[in-house]
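S.K.: Residue numbers (UniProt numbering), protein chains in the order written: chain C, 1 to 472; chain V, 1 to 472; chain G, 1 to 472.
If you're looking for bench data, these hints aren't it; they were derived computationally from the structure. Just so you know, not all the hints are guaranteed correct.
[Said to hold, decoys possible] Using 20 angstroms as the maximum straight-line C-alpha spacing, the simulated SDA-like pairs for lysine to any residue come out as follows:
1. K147(G) / F162(G)
2. K340(C) / H282(V)
3. K340(C) / R314(V)
4. K328(V) / N351(C)
5. K343(G) / R314(C)
All of these numbers come straight from a predicted model, not from anything done at the bench.
If you want the building blocks of each chain, they are given just below.
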Amino acid sequence: MTTPYRLHEDRLLPTDPGVRAIARELYHSVRDLPIVSPHGHTDPSWFATNEPFSDPASLFIIPDHYIFRMLYSQGVPLEELGVPRIDGGWTQSDPRKIWRRFAKNFHLLRGTPSWMWLGHALHEIMGIPQKLSVATADVIYDQIDAKLKQDDFRPRALFERFRIEVLATTEDPLDDLRHHRAIKTSGWGGRVLTAFRPDNVTDPEHPRFARDLPELGRITGEDVGTWDGYLAALRARRRYFIEHGGCTSTDHGHPTAHTENLPQEEAAALYARVSTGQGDAHDAERFRGQMLTEMARMSVDDGLVMQIHPGALRSQNPAVTGIFGEAKGDDWPSRTEYVKSLKPLLNAFGNNRDLTIILFTLDESTYAREIAPLAGHYPALRIGPAWWFHDSPEGMRRFREQVTETGGFYNTVGFNDDTRAFLSIPSRHDMSRRVDCSFLARLVAEHRIDMDEAQAVAADLAYNLVRSAYRL
Amino acid sequence: MTTPYRLHEDRLLPTDPGVRAIARELYHSVRDLPIVSPHGHTDPSWFATNEPFSDPASLFIIPDHYIFRMLYSQGVPLEELGVPRIDGGWTQSDPRKIWRRFAKNFHLLRGTPSWMWLGHALHEIMGIPQKLSVATADVIYDQIDAKLKQDDFRPRALFERFRIEVLATTEDPLDDLRHHRAIKTSGWGGRVLTAFRPDNVTDPEHPRFARDLPELGRITGEDVGTWDGYLAALRARRRYFIEHGGCTSTDHGHPTAHTENLPQEEAAALYARVSTGQGDAHDAERFRGQMLTEMARMSVDDGLVMQIHPGALRSQNPAVTGIFGEAKGDDWPSRTEYVKSLKPLLNAFGNNRDLTIILFTLDESTYAREIAPLAGHYPALRIGPAWWFHDSPEGMRRFREQVTETGGFYNTVGFNDDTRAFLSIPSRHDMSRRVDCSFLARLVAEHRIDMDEAQAVAADLAYNLVRSAYRL
Amino acid sequence: MTTPYRLHEDRLLPTDPGVRAIARELYHSVRDLPIVSPHGHTDPSWFATNEPFSDPASLFIIPDHYIFRMLYSQGVPLEELGVPRIDGGWTQSDPRKIWRRFAKNFHLLRGTPSWMWLGHALHEIMGIPQKLSVATADVIYDQIDAKLKQDDFRPRALFERFRIEVLATTEDPLDDLRHHRAIKTSGWGGRVLTAFRPDNVTDPEHPRFARDLPELGRITGEDVGTWDGYLAALRARRRYFIEHGGCTSTDHGHPTAHTENLPQEEAAALYARVSTGQGDAHDAERFRGQMLTEMARMSVDDGLVMQIHPGALRSQNPAVTGIFGEAKGDDWPSRTEYVKSLKPLLNAFGNNRDLTIILFTLDESTYAREIAPLAGHYPALRIGPAWWFHDSPEGMRRFREQVTETGGFYNTVGFNDDTRAFLSIPSRHDMSRRVDCSFLARLVAEHRIDMDEAQAVAADLAYNLVRSAYRL
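Work the whole structure out from these sequences, hints included.
M.R.: Here's what the structure looks like:
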């Protein structure tokens, strides 16, 4: 019998033995802190119904765009990975076959964070003693499948085992939050909150805008035919999200960071155009920009923290989107400008000490050049963690190296896992803690910060800052 | 009694013991070389009058935008930090209270270069044995206050203690250089030079342009109503700066790196517009660009080294600028383009072996992509050190990593402290020497350069290159 | 007698002893693998005629723009380095004097890859026991000169000594491939292929476009006065290159990554304009973009791998180009956009599993932001290695750090030396292997990948991926 395959306890810590010892000490001081997950895309129905996850492929492969995009890039058809077609056409429905196909291509993930996230899920959470390969695919499949049938692998049990103190999901304004309400009245103690993501009713180019805008009027009883009615409807849904979903934040996924602060009459005229389908692309961009400022104005009133996630060009490959729908790995970053784009918003609300705007980027060239300088000045501004393509060991390291010297640690807000892959949550937070402690350990070893300070910062980055920034 | 708090002698050196030993040897070989500070913003009156610095807050907090911007970003009002209001309205005038407020928030600077610069000033220069905290704020305040009353903490004594061989300040063309003249005739041996920064009379969008242009005519007796008279006036003031201020360099702080090389008639027509307030933003940009080429032309004649500092958007927060004035931490970098922008200037003068143009950037993405390739070709071009937001351990390390392989060491020009914080000068130069020696040590340890070469380069980066590049 | 100067066997490996041991093991496992050089600019006549190289200056200095650009940037006239003038005017013709001038300035290359490439050529290939300096210039010159007269330093002998399995040169469509045909029929076993680089007949702004387009018609017998005839002519030359030059790839050096996929009638109209000199700059850009899509379409048919090298602004210094001609060190990178630019091409062919498009960049800010995300999705797309200014230890390290986490290892294609300096080929490939193994060693030491995986990846990066990607 071979030795079980185990993750190394010092993974991701610095290689120099002296620095590693410091990092290990810092990491051990934060390793077991609760997980606060203020932004992500898990499905609240998991926690409302507490049904078991169905099978290994449905849990690990089919919904994970990190995995299927990499395999697709190397010639594996998405159908073979079980990604459902819009038209209901054939895709592989045998989870074991999907799993085998994945196992055969697992080497493609070498050097990516998915390799580590999956390794953590398999070996730490599932307790699998073999490394995944073609040879072990079936035996691992069987072990996972058996575990998923156990009660202690149901969503709520895992939530508790993962020591999640609070988990935020993301819903759009039309959502009735039935799952959040069900969780609340279920008697289960897990804290699952919603976040308010209004792109479908604030972005005229959103594929659901034309359909969802009237619906927003209907469910709020407001006249969305007028600018004032539209704003009132949004305010109403924000209140609803706060009351029924424990919401503490909004989220805005715009193609750019463009903002506007138009006079209200001009904004109303712009709304009249875009809400009736008469606006052009320029109107859409200006309207999205105006809505960021309107959302900030509402946040000053109702206290919701604002998250701005700009710069992703989404669903860019028609051959994939047309068959499999949105968000199938064909999204990518683009060059993003912040200092001029945010000026209207920051002129209006940047100096407000009661407002928190958390800014994300997919354009790392802006960390040191734009984002850290802005956040190192405006009281309202905070810097979101390394996002999406950059939520990885090298990406998180570059984030700290490029943000800290101008933005400091205290204008950052801890970690976001931003995931729909529930079983990756512990690994992602653990990765973040390891990388942050490694960065701090280097500062200590280079005598740029003292050990007692590093310990305080480590706890702030792992736990305190996210709670205060997101008002949790 | 507790052990006095001391800076570690190996701070900022690499963590690997073998590489650290190499770095230490290199650093020790340059540690005590004189400081040559060719570009900065200290106040020449300090050295002309040699009056003692008044109090700890006035010395360390009130004028240091690195410090007050970070505290402002976390909610501390600038009034509480004693930053003076334009309207003379209330700001905190008790330096001890300002100092306490700072001490309470000192943790916000963890991981920033200011934490290290201030630590150096307190512990190395002031000899303070306690670490700054709320608990020690008063006792440290008292110690600093007492030191500042001693003769050996007056400006000239510190200048000598810091082993400053030459220090350049920055003045605009209307300055009468009275302080520089006073230093020259004072009998004191310290070498304090001026640098010629004409933005207020070359940038039509400069807030003082309209007011200062006629004054330029008045003090030179030239007719600034004409292009030729205007150029003659600038030539006259350059001569004045050379003769009365020991000036060896000019400095140009433009929003972009745009240059023009217009036919003189066209330049004259452009001047006619912008000098009479009839130009638009496009004219202003072109005029600034033309003036860089005109300045290069004058430099070929009078030998002044040109510094171009493009890409800073200054005083961008009206809520702060309106109350506290310019340069209150609301400046930020922007994306900056060099290869196309500089082409007119470089076509005209880039191949001139007698001209030196030192190029800076706040856009690190241009180090390897644009600046090193340009400077690795044009005889006139040199690369200025990591600037402003990037004048930090990580920033300086990225500079060497991204510039050296294409630009080499010998197209760089040593270090600029660029500071108005006099007591940070030794720390800043020391930081630069430590970071450069650390970079060189890695090259030695990786056998990419030999130790004798690294020693020569270390001395060149710390001392020789700056003297030759700035013609000091 | 002094100890001979030797390169250190651990050069470029990580400094931490534990990580270095891992890196050394990985490196030793790939060090002696054959060299596969799928893209470069060596002269096929060297291998066709097998004449000895004439002298040290002609071999190492005169053709090496990395070297003469650095010396030029520090004031050495190109004439003094023997770079030939277009007008046949005087340049230094005594190779020994050129060599001495170089030796005197060798320190300018400290910290650059050229310092290492040259060191490798001198000490490993030529066996020179002295380090280059003014003092040793002559003795080294004499040793090299003597070696070059030996049969085992002729091109074919070096090719074999270097263990080159295959070497691709680059020719334009008008080339008759006489040297490749001569090699083929010579009985010598070395595999020297051509690559198809059609910029001179696909880029209306290419200096030879107007002259070469009719010639393309003449040699193919096609009517290049029509769009269809023009395309047929290109197809014919591709076939010729495949049949007579063993060609497996095309190469496209465009100023941007712009692509178009116009309806054929529109493309024909555009061709009618640009082929008759009536197009403007916008037409030229669109035509180049259209031709990338046309080339992809042809590749689907004939199987040639496409390389796109965008973003170099070439021959930018008129004072140099006017006297010495093109490619004299006055080329530089520019900011380059990929996600929007490539969309027409990728919409048309990005999902094609039988097509390979290898994408290069000189804009490192796109590695993690654009190129890795694109290549991590599209089956047709692969990521070319760090290119030109970035083909250096730091550049290659940044490439892996920024590309791997999203793009993986398997969307990269091994190493390109891209050189016209034949004697630098072993050093360049060795450098790449050392840097890649160092990166892998860190991943192993940080427990981000297992040692057996790293060994497999090391061999893939050094040998397997390049062969499969380039279909060699």
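S.K.: Could you run down the list of hints and mark each one as holding or not?
M.R.: Hints and how they fare:
no.: 1; hint: K147(G) / F162(G); in the structure: 16 angstroms, holds
no.: 2; hint: K340(C) / H282(V); in the structure: 17 angstroms, holds
no.: 3; hint: K340(C) / R314(V); in the structure: 12 angstroms, holds
no.: 4; hint: K328(V) / N351(C); in the structure: 14 angstroms, holds
no.: 5; hint: K343(G) / R314(C); in the structure: 13 angstroms, holds
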